[in-house]
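Asks: Sequence:
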Amino acid sequence: PSTVGIYMRQLRSVFNRAIEAKIIDQVHYPFKKYEIPSSRNIKKALNDDQLKILLNHQPKTEAQFKALDYWVFSYLCNGMNMTDILHLKNENIEKTFLHFNRQKTLRTKKKDLRPIKVPLHERAIEIIQRRKSNDSKNEYLFPILNTGLPPKTIRNRIHKFISDVNDGMEEIRDDLK
39 PSTVGIYMRQ
49 LRSVFNRAIE
59 AKIIDQVHYP
69 FKKYEIPSSR
79 NIKKALNDDQ
89 LKILLNHQPK
99 TEAQFKALDY
109 WVFSYLCNGM
119 NMTDILHLKN
129 ENIEKTFLHF
139 NRQKTLRTKK
149 KDLRPIKVPL
159 HERAIEIIQR
169 RKSNDSKNEY
179 LFPILNTGLP
189 PKTIRNRIHK
199 FISDVNDGME
209 EIRDDLK
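Quick note on my numbering: the sequence shown kicks off at 39 and runs consecutively.
Simulated from the structure, these hints should not be mistaken for laboratory data. All values derive from a computational prediction rather than experimental measurement. Check the hints yourself; a few may be wrong.
[Unchecked claim] Cut-off 30 Å, straight-line C-alpha distance, at most; resulting in silico cross-link-like pairs (DSSO-like, lysine-lysine):
1) Lys60 with Lys127
2) Lys155 with Lys104
3) Lys60 with Lys82
4) Lys104 with Lys127
5) Lys81 with Lys60
6) Lys70 with Lys82
7) Lys71 with Lys142
8) Lys98 with Lys81
9) Lys104 with Lys215
10) Lys127 with Lys215
11) Lys104 with Lys90
12) Lys82 with Lys198
13) Lys155 with Lys175
14) Lys175 with Lys190
15) Lys70 with Lys133
16) Lys98 with Lys142
17) Lys71 with Lys98
18) Lys60 with Lys170
19) Lys170 with Lys155
20) Lys81 with Lys175
21) Lys155 with Lys198
22) Lys104 with Lys198
23) Lys142 with Lys215
24) Lys90 with Lys175
25) Lys133 with Lys170
26) Lys70 with Lys104
27) Lys175 with Lys215
28) Lys71 with Lys127
29) Lys60 with Lys71
30) Lys104 with Lys133
31) Lys155 with Lys142
32) Lys190 with Lys127
33) Lys82 with Lys71
34) Lys170 with Lys70
35) Lys142 with Lys127
36) Lys98 with Lys155
37) Lys175 with Lys198
38) Lys70 with Lys127
39) Lys104 with Lys60
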């Protein structure tokens, strides 16, 4: 269902653009009664004991320390997506709150896209202080992305960052058994 849904949403978009451009007549629109399937995402949550162990873990390497910092930051910010974390800017911090728009929904046509507002936990503030960019010319909060990068470079850096965090968390998982 997940793969079918991905392809069908793309096909629907092509049809919508073709109708808008008057290439296809509205009568031939195949999505009037068709509901695009969505997959069920099975979450694999940690139990309370596992979470306590992870939150109190002392990483062995800098790679693990960095991965754990960003994972904990995501967790403390209500499961904030890593892409959204990397797109944070200093202006997204307002005293003890973080407000941001999801990168995933920025280009949608939905109206009333209100920013997400997350209270900043003390440990999240410590992580920001430890990991924030020191480059005054860089508008991003964390030093993974830089101002003025082309979109392809941004995508590559985000992909590498997520891969690095996953690798570091995998090492931690192995250490903690």
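Asks: Determine for every hint whether it applies to the structure shown.
Replies: The hints, checked one at a time:
A distance of roughly 41 Å separates the Cα atoms of Lys60 and Lys127; the hinted pair therefore is violated under the 30 Å criterion. Taking the CA atoms of Lys155 and Lys104, the gap is about 24 Å. The hint holds against a cut of 30 Å. Note on Lys60 and Lys82: the hinted pairing is violated, with a Cα-Cα distance of about 46 Å set against a maximum of 30 Å. For the proposed pair Lys104 and Lys127, the alpha carbon gap of about 19 Å is at most 30 Å, so the pair holds.
Taking the CA atoms of Lys81 and Lys60, the gap is near 43 Å; set against the 30 Å cutoff, the hint is violated. In summary, the hint linking Lys70 to Lys82 is not supported, as the alpha carbons are separated by about 35 Å, beyond the 30 Å threshold. The straight-line distance between the Cα atoms of Lys71 and Lys142 is roughly 26 Å, inside the 30 Å bound, and the hint therefore holds. Between Lys98 and Lys81 the CA atoms are separated by roughly 28 Å; this keeps the pair inside 30 Å, and the hint holds.
Simply put, Lys104 and Lys215 have alpha-carbon atoms about 20 Å apart, close enough for the 30 Å limit, and the pair holds. Restraint check: the Cα-Cα separation between Lys127 and Lys215 comes to about 36 Å, which exceeds 30 Å; the hinted pair is violated. Restraint check for Lys104 and Lys90: satisfied, since their Cα atoms lie roughly 18 Å apart, inside the 30 Å limit. Our distance criterion of 30 Å between C-alpha atoms is met by Lys82 and Lys198, whose separation comes to about 23 Å.
Taking the CA atoms of Lys155 and Lys175, the gap is near 26 Å; set against the 30 Å cutoff, the hint holds. Taken as a hint, the Lys175 and Lys190 pair is honoured in the structure, with Cα atoms around 21 Å apart against an allowance of 30 Å. Straight-line distance between C-alpha atoms of Lys70 and Lys133 comes to about 47 Å, which puts the hinted pair past the 30 Å bound. Straight-line distance between C-alpha atoms of Lys98 and Lys142 comes to about 34 Å, which puts the hinted pair past the 30 Å bound.
Distance restraint check for Lys71 and Lys98: the Cα-Cα separation of roughly 55 Å exceeds the 30 Å cut-off, and the hinted pair is therefore not satisfied. This hinted pair does not check out: Lys60 and Lys170 have alpha carbons roughly 49 Å apart, beyond 30 Å. Between Lys170 and Lys155 the CA atoms are separated by roughly 20 Å; this keeps the pair inside 30 Å, and the hint holds. For the hint linking Lys81 to Lys175, the alpha-carbon distance of about 39 Å lies beyond 30 Å, and the restraint is violated.
Distance hint between Lys155 and Lys198 is fulfilled; the C-alpha atoms sit about 27 Å from each other, no more than 30 Å. Taking the CA atoms of Lys104 and Lys198, the gap is about 14 Å. The hint holds against a cut of 30 Å. A hinted pair counts as satisfied when its Cα atoms are at most 30 Å apart, and Lys142 with Lys215 does not qualify at roughly 34 Å. Distance hint between Lys90 and Lys175 is unfulfilled; the C-alpha atoms sit about 38 Å from each other, more than 30 Å.
Between the alpha carbons of Lys133 and Lys170 the distance comes to roughly 16 Å, so the proposed pair stays at or under 30 Å and holds. Of the pairs offered as hints, the one joining Lys70 and Lys104 is violated, with about 48 Å between alpha carbons and a cut-off of 30 Å exceeded. Our distance criterion of 30 Å between C-alpha atoms is broken by Lys175 and Lys215, whose separation comes to about 42 Å. Distance check on the hinted pair: Lys71 and Lys127 sit about 42 Å apart at the alpha-carbon level, beyond 30 Å; violated.
A C-alpha spacing of about 21 Å is found between Lys60 and Lys71, which places the hinted pair at or below 30 Å, so the restraint holds. A threshold of 30 Å between alpha carbons decides the hint, and for Lys104 with Lys133 the separation of about 24 Å falls inside it, so the pair holds. Distance check on the hinted pair: Lys155 and Lys142 sit about 16 Å apart at the alpha-carbon level, within 30 Å; holds. For a cut-off of 30 Å, the pair hint linking Lys190 to Lys127 stands: about 20 Å separates their Cα positions.
A C-alpha spacing of about 34 Å is found between Lys82 and Lys71, which places the hinted pair above 30 Å, so the restraint is violated. Taking the CA atoms of Lys170 and Lys70, the gap is near 48 Å; set against the 30 Å cutoff, the hint is violated. Taking the CA atoms of Lys142 and Lys127, the gap is about 17 Å. The hint holds against a cut of 30 Å. With a C-alpha separation of about 33 Å, the suggested pair Lys98 and Lys155 falls outside the 30 Å cut-off, and the hint is violated.
Straight-line distance between C-alpha atoms of Lys175 and Lys198 comes to about 23 Å, which keeps the hinted pair within the 30 Å bound. Only pairs whose Cα atoms come within 30 Å are accepted, and Lys70 paired with Lys127 is rejected, the gap being roughly 41 Å. Of the supplied pair hints, the one linking Lys104 and Lys60 is violated, its CA atoms being roughly 52 Å apart against a limit of 30 Å.
Violated hints for the displayed structure, listed by number in ascending order: 1, 3, 5, 6, 10, 15, 16, 17, 18, 20, 23, 24, 26, 27, 28, 33, 34, 36, 38, 39.
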